[in-house]
Amino acid sequence: MTTSEVTRQGVRGERPGRDAVTGGRRAPGRRKGRGRGERLMVPDADFRSYYGRPVLNQVVWADYDIAGYLFLGGLAGASSVLAAGAEFTGRPGLAGPLKAGALVAIGGSVAALVHDLGRPERFLNMLRMVKPTSPMSVGSWLLAGYGPLAGAAAAAHLAGRLRGPGRAAALGRALRGPGRAATVGAALLGPAVATYTAPLLCDTAVPAWHEGYREMPFVFVGSAAAAAGGLGMAAAPVAQAGPARAAAVLGAGLELAAAARMRRRMGMVGETYRTGRAGRLMRAATALTTAGALTGALLGRRSRAAAAAAGAALLAGSACTRFGVFHAGTASAADPKYTVAPQRARIDAADADRAAGAGGSAAGDAGAADIPVPRASA
Amino acid sequence: MAVDSRGTADAAPQHGSGEQRPRMGFFTDTSVCIGCKACEVACKEWNAVPEDGLDFTGMSYDNTTGLGADTWRHVAFIEQRRPLGAQETGAGRAPVDLGMPAVGRPGDDPDPATLGDFRWLMSSDVCKHCTHAACLDVCPTGALFRTEFGTVVVQEDVCNGCGYCVPACPYGVIDKREDDGRVWKCTLCYDRIGDGLEPACAKACPTDSIQFGELDELRGRAAARVERLHGEGVSSARLYGADPDDGVGGAGAFFLLLDEPEVYGLPPDPVVTTRDLPDMWKHAGLAALTLLAGGVAATILGRTR
Numbered sequence: 010m011t012t013s014e015v016t017r018q019g020v021r022g023e024r025p026g027r028d029a030v031t032g033g034r035r036a037p038g039r040r041k042g043r044g045r046g047e048r049l050m051v052p053d054a055d056f057r058s059y060y061g062r063p064v065l066n067q068v069v070w071a072d073y074d075i076a077g078y079l080f081l082g083g084l085a086g087a088s089s090v091l092a093a094g095a096e097f098t099g100r101p102g103l104a105g106p107l108k109a110g111a112l113v114a115i116g117g118s119v120a121a122l123v124h125d126l127g128r129p130e131r132f133l134n135m136l137r138m139v140k141p142t143s144p145m146s147v148g149s150w151l152l153a154g155y156g157p158l159a160g161a162a163a164a165a166h167l168a169g170r171l172r173g174p175g176r177a178a179a180l181g182r183a184l185r186g187p188g189r190a191a192t193v194g195a196a197l198l199g200p201a202v203a204t205y206t207a208p209l210l211c212d213t214a215v216p217a218w219h220e221g222y223r224e225m226p227f228v229f230v231g232s233a234a235a236a237a238g239g240l241g242m243a244a245a246p247v248a249q250a251g252p253a254r255a256a257a258v259l260g261a262g263l264e265l266a267a268a269a270r271m272r273r274r275m276g277m278v279g280e281t282y283r284t285g286r287a288g289r290l291m292r293a294a295t296a297l298t299t300a301g302a303l304t305g306a307l308l309g310r311r312s313r314a315a316a317a318a319a320g321a322a323l324l325a326g327s328a329c330t331r332f333g334v335f336h337a338g339t340a341s342a343a344d345p346k347y348t349v350a351p352q353r354a355r356i357d358a359a360d361a362d363r364a365a366g367a368g369g370s371a372a373g374d375a376g377a378a379d380i381p382v383p384r385a386s387a
Numbered sequence: 589m590a591v592d593s594r595g596t597a598d599a600a601p602q603h604g605s606g607e608q609r610p611r612m613g614f615f616t617d618t619s620v621c622i623g624c625k626a627c628e629v630a631c632k633e634w635n636a637v638p639e640d641g642l643d644f645t646g647m648s649y650d651n652t653t654g655l656g657a658d659t660w661r662h663v664a665f666i667e668q669r670r671p672l673g674a675q676e677t678g679a680g681r682a683p684v685d686l687g688m689p690a691v692g693r694p695g696d697d698p699d700p701a702t703l704g705d706f707r708w709l710m711s712s713d714v715c716k717h718c719t720h721a722a723c724l725d726v727c728p729t730g731a732l733f734r735t736e737f738g739t740v741v742v743q744e745d746v747c748n749g750c751g752y753c754v755p756a757c758p759y760g761v762i763d764k765r766e767d768d769g770r771v772w773k774c775t776l777c778y779d780r781i782g783d784g785l786e787p788a789c790a791k792a793c794p795t796d797s798i799q800f801g802e803l804d805e806l807r808g809r810a811a812a813r814v815e816r817l818h819g820e821g822v823s824s825a826r827l828y829g830a831d832p833d834d835g836v837g838g839a840g841a842f843f844l845l846l847d848e849p850e851v852y853g854l855p856p857d858p859v860v861t862t863r864d865l866p867d868m869w870k871h872a873g874l875a876a877l878t879l880l881a882g883g884v885a886a887t888i889l890g891r892t893r
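Chains as they are written, first to last, in this note's numbering: chain A, 10 to 387; chain B, 589 to 893.
Mixed in with the good hints, there may be bad ones.
Covered by chain A, according to a simulated footprint, are these stretches of chain B (three or more residues, beta-carbon under 8 Å) [said to hold, decoys possible]:
(1) 727-734
(2) 746-757
(3) 767-777
(4) 862-875
(5) 879-891
Simulated from the structure, these hints should not be mistaken for lab results. Glycine included, C-beta positions come from ideal geometry on N, C-alpha and C.
Extracted from the complex, chain A is given alone in its bound form (with noise of 0.2 Å):
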């Protein structure tokens, strides 16, 4: 049997045999009563974990599928609404890049989403039911109705644009009034596709999506805003491309304030947006978002490369966000802390509660007050 260790200062722990005296004191320190007491090798450090591993499972998604599809998704809602907008207020130049760019944006993220399954051949099975609980499910659903509105939007303007007195003219005025109800139509259901992917990535356990469902939907539709402000900036005239730098402003600054009144309400797991991967690209997306909105407001009717510019940046800092977003929520994941600690203090303060509760004493209260509590209706 083992009796000793044996390190690199020497064998300790060796059995004393027959030294051991019967009936001799007991160790200093060591307390009475059996296996009571939580003494630790280590003092108790913030949270504990199991060697260190994670407690979820890792997001099998791949971030250019499914982080591209956050920016397409967005990008094409917020297109089809400000294209609306654009086809009722006399604005051809502008309604028609949007409308073509919200048809090639949910093409491309409909394909990056087929791309990601696991079994792409089965992907008709997300049409198998329809299930309020899964966002997922709402959003296939979305999807199928959003998608040929789209297109049948961006079809008839393409059809609009014959001239002449031909029969491909003609074909174009018939399709005036169908290809108005698809825009009016893509334009209601857009937002819905800009905003159904915040519940999507919420409605996990992912630490930095799930405690940022409240604000999640805001930062999104900002996103989305401010990307098809700048499509609309980037290929229309200057001349028509008034509401998309008004988009692009009023976008910016409702996912800016939403980023980071997210972060601020998340308490520790907020960190997570600032550092790695997921915060460069935080900082990417506010300081490309930022340039872009206030190049759009002050040059961009001025100068048509000044737009385009603009109209650039705001697109590659809604990718960033999005982006940014899905790396924050993989990096919580990977990490026991974001798990456990929050939990536990969660427990710490509903004992904290009770023990107040039970005692009536002012002590309990304040410790409680003390802990932060990231779940407002835990």
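Using the hints, position chain B against chain A.
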């Protein structure tokens, strides 16, 4: 296409066949687990689960590391310099270091107060078969479903590998199999229990650390066991997942642990993510209206500029 009108398929007997079966589950009593891993092997054998990596981790005797697509039972090993309750002889002599594997760095002087204290925590982890199962709630295809035994099972012929259930699980149980594209997890041996057999892991467990049975009965048994352990001086014994009022509505597979759950790699206070989903939709709806209103505002503002 079917509309899931219940919204959430919680574990109450409410199934198409109309057959009312008692809810079945596991009670894993880790105080008698000896870390033999027979459960891991039996599970792999019965369910034909492929190899899950042959790594050396240095994590005590655990080279399995955690639950995943190809690991449906996982035995955790934790070495602690703490006395297991009732381990002390009470003979009144100075504690003697038995030279058991140390947790400190080599050369560290052992604290005389804890000299000789050693316990080995072993626990066989498994899918919790939650009452409110996030994986099942978020599955867009209906591949995950609630069986007549109240368990949660993946239909591998329906799963399209979207991977949504993976980050939804608060315990890190379900995962995607790399070469296959679909998700896999414990079925509570759906094929066996339908035939009146115990699940493979419970059948193979030599110490009855894994107990299979009707959940209500298991909960009663577990409560009695904790009381008994407390009486014997094992004050660290506690139940995990047995409370029907916890964040997942109680687990169908629950545990008797000897330390805090996070020490075993379990979340201390898991909450089914879909609990907040109605609130999420509310916020998302507001945001969508904001975008619509913002689009109108931008169109109007854009005129004057």
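Verification of the supplied hints:
1. For a cut-off of 8 Å, the count of residues in the stretch 727-734 of chain B with a CB near a CB of chain A stands at 5, and the three-residue condition holds.
2. Note: the stretch 746-757 of chain B has 11 residues with beta-carbon separation from chain A under 8 Å; the three-residue rule is met and the coverage holds.
3. For a cut-off of 8 Å, the count of residues in the stretch 767-777 of chain B with a CB near a CB of chain A stands at 4, and the three-residue condition holds.
4. Residues of the stretch 862-875 of chain B with a Cβ under 8 Å from some Cβ of chain A number 11, which satisfies the need for three, so the listed coverage holds.
5. Residues of the stretch 879-891 of chain B with a Cβ under 8 Å from some Cβ of chain A number 11, which satisfies the need for three, so the listed coverage holds.
Of the numbered hints given earlier, the model fails none.
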